[in-house]
Amino acid sequence: MVKPKISYKLLPSTYIFLNDLEKEIAKAKASIDLQFLTFEADTIGNRVAEALFKAKLRGIKIRFIVDHFIDLFHGDYFIHRPRLNRVLQSIITGKWKSTKKLLSLMSERGIEVKHTNPLGFLRRKAFQRNHKKIVTIDSDNPAQSIAYIGGCNLSEHNASWNDFMVKMKGDMIPVLQNDFNATWEDKDINGRIEYGDGVVLTDSPKGNPEIMPFVIDLINNSKKRVIIESPYLRGKHIWNSLIEASLHGVDVRIIIPLHGKLGAPTGRSLKKLIENGVKVYRFKENKGMTHAKALLVDNVTMFGSSNLSEFLAKRLSEVSIKTHNESMVKQMEKKLDEDMRMSTLQEE
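Under the numbering used here, the first residue of the sequence shown carries the number 1149, and numbering increases by one thereafter.
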């Protein structure tokens, strides 16, 4: 059997991703597997559910994984927050109940649904989430199989942010499918698996982080440029690596939300980065929120679910891909250039 050519296509917003996903779901021949951190019964969640219902009527095997995060947050509001405005509490609780009903309906219609990472007694495991976003379609047929990974979630709230997914064909799909299968079977995966022109990296809270050491090593060996976009870029090791690279003549740039987000560099850390030549871009569009996770080092790029945060690396299950594929590198260059144009360069 002839192997399909490896290809990548960057889909630069949640809505563009959804349009593409709906078309691919409609063309599926045998199987559809989806995994997301969060899913809500709004226009986004219902669009995906309707597409899956139609596929199920054609006899497609469908598995859907969503994290128990949906039992903690809805629309970025903590469901169980004490002293929350009663009207707002009622609205959030109502949306949460609607989501649970939609997931139940999906199960009733033959879609296999699983939740990852139970919250534990008194929600003691609340911060140990499965943060992966993976879709595979017809993975057993190399000639027509496709996959997606990136940062997008299935809710209107998340869709309003700057984000992207990458659609792929080729040797990485069996690796991503194995990762999905392991999650489905409640197994943890940590490691690096190489394929054609790249490597799939996975993290689990139960193992040693793989992604951040890999990222820091890339930065430490950079020659010309380092560009990072992340909503939660955090950690003294990565900050120090960015500073060292800048001091050695590398063009270092970071793109972060307009307003301070939990985990993003702020205060003294941000000032130190700027003082040492790191260019800091504050994203202005999409209400100032970028949820994109991207790394460009010389002629290599990385993308996926990882926020490139040392703090979160020990708490979240993640999947990311590093590749030197020329087409993908050029697409990432274009995306990051566009995001910098939609940002303000911070001077101090």
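Just so you know, these hints were derived from the structure itself, not from any lab.
Check each hint, because a few of them may be wrong.
[Stated by the list, open to error] Here are the simulated SDA-like cross-link-like pairs (lysine to any residue), alpha carbons at most 20 Å apart as the crow flies:
| no. | residue 1 | residue 2 |
| --- | --- | --- |
| 1 | Lys1315 | Gly1355 |
| 2 | Lys1202 | Lys1157 |
| 3 | Lys1483 | Lys1354 |
| 4 | Lys1249 | Val1261 |
| 5 | Lys1157 | Ala1291 |
| 6 | Lys1245 | Lys1335 |
| 7 | Lys1175 | Ile1164 |
| 8 | Lys1209 | Asp1190 |
| 9 | Lys1249 | Lys1177 |
| 10 | Lys1202 | Asp1168 |
| 11 | Lys1435 | Lys1371 |
| 12 | Lys1482 | Glu1433 |
| 13 | Lys1462 | Leu1395 |
| 14 | Lys1483 | Val1261 |
| 15 | Lys1153 | Lys1262 |
| 16 | Lys1262 | Ile1341 |
| 17 | Lys1354 | Ile1341 |
| 18 | Lys1315 | Thr1492 |
| 19 | Lys1177 | Gln1325 |
| 20 | Lys1177 | Pro1290 |
| 21 | Lys1209 | Leu1251 |
| 22 | Lys1315 | Lys1483 |
| 23 | Lys1262 | Ala1197 |
| 24 | Lys1371 | His1385 |
Evaluated hints:
1. Lys1315 with Gly1355: violated (28 Å)
2. Lys1202 with Lys1157: This hinted pair is violated, its Cα atoms lying about 25 Å apart.
3. Lys1483 with Lys1354: violated (33 Å)
4. Lys1249 with Val1261: holds (12 Å)
5. Lys1157 with Ala1291: holds (17 Å)
6. Lys1245 with Lys1335: violated (29 Å)
7. Lys1175 with Ile1164: holds (17 Å)
8. Lys1209 with Asp1190: violated (24 Å)
9. Lys1249 with Lys1177: Distance ~28 Å between Lys1249 and Lys1177 Cα, so the pair is violated.
10. Lys1202 with Asp1168: holds (16 Å)
11. Lys1435 with Lys1371: Judged against 20 Å, a Cα distance of about 34 Å means the pair is violated.
12. Lys1482 with Glu1433: Holds. Lys1482 to Glu1433 sits at ~17 Å (cutoff 20 Å).
13. Lys1462 with Leu1395: violated (29 Å)
14. Lys1483 with Val1261: violated (34 Å)
15. Lys1153 with Lys1262: It is violated: about 32 Å lies between the C-alpha atoms, which goes past 20 Å.
16. Lys1262 with Ile1341: violated (25 Å)
17. Lys1354 with Ile1341: holds (18 Å)
18. Lys1315 with Thr1492: Cα-Cα ~29 Å, so violated.
19. Lys1177 with Gln1325: holds (16 Å)
20. Lys1177 with Pro1290: Given that 20 Å is the threshold and the Cα spacing comes to 12 Å, the pair holds.
21. Lys1209 with Leu1251: holds (16 Å)
22. Lys1315 with Lys1483: OK: Lys1315 and Lys1483 at ~15 Å, within 20 Å.
23. Lys1262 with Ala1197: holds (15 Å)
24. Lys1371 with His1385: holds (19 Å)
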